[in-house]
Each structure stands twice: as structure tokens, then as C-alpha cells.
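Those protein sequence lines, which keep their order, are chains G and L. Numbering-wise, the numbering used here puts 56 at position 56 of the first sequence, and it's gapless, one number per residue. Numbering-wise, the numbering used here puts 1 at position 1 of the second sequence, and it's gapless, one number per residue.
Worth double-checking, as some hints may not be accurate.
Stated by the list, open to error - Taking lysine-lysine and the DSS-like style, the derived pairs with C-alpha atoms no more than 27 Å apart in a straight line are: (1) Lys64(G) x Lys54(L); (2) Lys64(G) x Lys75(G); (3) Lys75(G) x Lys106(L); (4) Lys54(L) x Lys106(L); (5) Lys17(L) x Lys43(G); (6) Lys106(L) x Lys43(G); (7) Lys56(G) x Lys75(G); (8) Lys17(L) x Lys46(L); (9) Lys64(G) x Lys43(G); (10) Lys46(L) x Lys106(L); (11) Lys106(L) x Lys17(L); (12) Lys54(L) x Lys17(L).
Keep in mind that the hints were calculated from the coordinates and are not lab data.
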Amino acid sequence: EVQLVETGGGLMQPGGSLRLSCAASGLSVSNNYMTWVRQVPGKGLEWVSVIYTSGKTYYIESVKGRFTISRDNSKNTLYLQMDSLRAEDTAVYYCARRGNNLNDYFFDYWGQGTLVTVSS
Amino acid sequence: QSVLTQPPSVSAAPGQKVTISCSGSSSNIGNHYVSWYQQLPGTAPKLLIYENNKRPSGIPDRFSGSTSDTSATLGITGLQTGDEADYYCGTWDSSLSYVIFGGGTKLTVL
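Modelling step: build the complete structure from the supplied sequences, incorporating the hints.
Printed below as a string of C-alpha cells:
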């Protein structure tokens with residue numbers, strides 16, 4: 001059974017940093033396209049970032065230069081380092097596995113999410 | 001405002017059928033597979049449909065997906081109160097170069 005468990009969310013002041021973790025079981029983060037998707041409470045879903053099996057990473061424009069996606073294969077854990085946080089980054093952050101073919105743009109396994117609140 | 005347009009809400013009676021539309025363009029739905037997600041209150045999204053019309057293991061055949069040109073439709077038959085949730089469509093957008101989602105549709109089973 002696949003499980004993705006996110007931790008690391010919380011309340012942070014604007015300009016601060018947080019690191020989210022997503023511990024995986026039942027799948028290997030290094031052998032899958034792993035992503036972060038966020039959702040402002042009461043609003044829709046927004047894709048944030050992906051790390052491919054090759055290690056290549058991509059980000060939505062609004063977080064480029066501020067967020068960094070990475071993985072630790074030995075811990076089978078996905079990370080999202082969030083720096084220079086802004087109020088508009090407030091959201092529930094989900095880690096999710098994307099389909100592993102290049103033309104697969106669906107997400108079949110999701111974590112339970114972790115809430116990040118950016119406020120002074 | 002989302003690139004993919006969904007109706008904010010739909011409703012139907014138990015046992016009835018409902019459809020949820022997702023309208024896009026040639027840079028997304030017109031040329032890429034669509035997926036659909038169900039999000040029950042307070043939970044993470046769950047994949048219902050992928051590659052336009054395929055159901056993951058465990059998803060009942062009451063749920064179906066279809067596409068036509070630059071639009072996609074999710075159909076749900078035999079509505080149950082447990083189907084009350086938010087539903088999202090998603091696909092790749094080749095102009096934006098990332099996955100996009102519709103704004104979501106709240107299904108109420110009256």
C-alpha cells in the first residue's frame with residue numbers, strides 16, 4: 001500500500017523559511033515523478049513543483065527562485081524548501097505522485113496535506 | 001481565474017445522473033489527456049479518471065469521463081449522498097508548460 005505523509009507545515013512570518021517533508025512508503029521517490037500541489041483553503045488546486053526521476057526540477061513561476069524541491073533516496077523522502085515566504089503562499093501543501101510516463105499528467109497518490117500559514 | 005472552466009456547483013437527487021463540464025482550449029484539453037479528482041470535505045483529492053476515460057482500480061463504473069474538442073465531461077450515475085464533494089479536472093497546458101486544474105465544482109446530492 002502506498003502512503004505519503006507530509007510534515008513540516010506551520011505558521012511563519014513573511015520572509016521566513018519552512019521545509020516540508022513527504023515520507024513515502026510503498027513507492028520509491030527516486031523512481032517516480034514526485035510533485036507538490038497546493039490548495040488555498042476553500043479554493044482550487046495549484047501545481048507547484050515536480051522532480052523527475054532524472055533529478056530535473058520544475059516550478060510554477062510564482063515560486064521560482066524561492067522554493068526548492070529535492071529528495072533523499074536513502075530516507076525515501078521528498079522535500080520542499082520554502083524561502084522568502086509570502087502571504088499568498090498560505091495553503092495546504094500536498095505531495096503527490098504523478099504518472100510515470102512523460103505524457104501522464106495525472107496524480108494517483110496523494111498525501112494528507114500539511115497547512116502552511118504565512119502571516120505576521 | 002482558472003484556465004479550465006468548471007461550473008461552481010451542480011446538484012441532483014439520489015439515484016440520478018449528473019455531469020460536470022470542464023472547458024479549456026487547444027493548448028490543454030484539445031491536445032492532452034484529462035484527469036478528474038474527487039475531494040471529500042477535509043480530505044486530499046482522489047484520482048477518479050485519468051487519460052480522459054480510464055478508471056483507476058477501485059473506482060466504480062458509476063464514474064465516467066469523456067472529451068470532445070476542447071471540453072471534458074465527468075459523468076456520475078446512481079448518485080449517492082457519499083458523492084457530495086468537490087470535483088476538479090486537470091490536464092497539461094502546453095502554453096504554460098505545467099499541469100493546470102479547473103476551479104472545481106461542488107456537487108450537492110439533494
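Problem set entry | Earlier hints that do not hold, by number | 1 and 3
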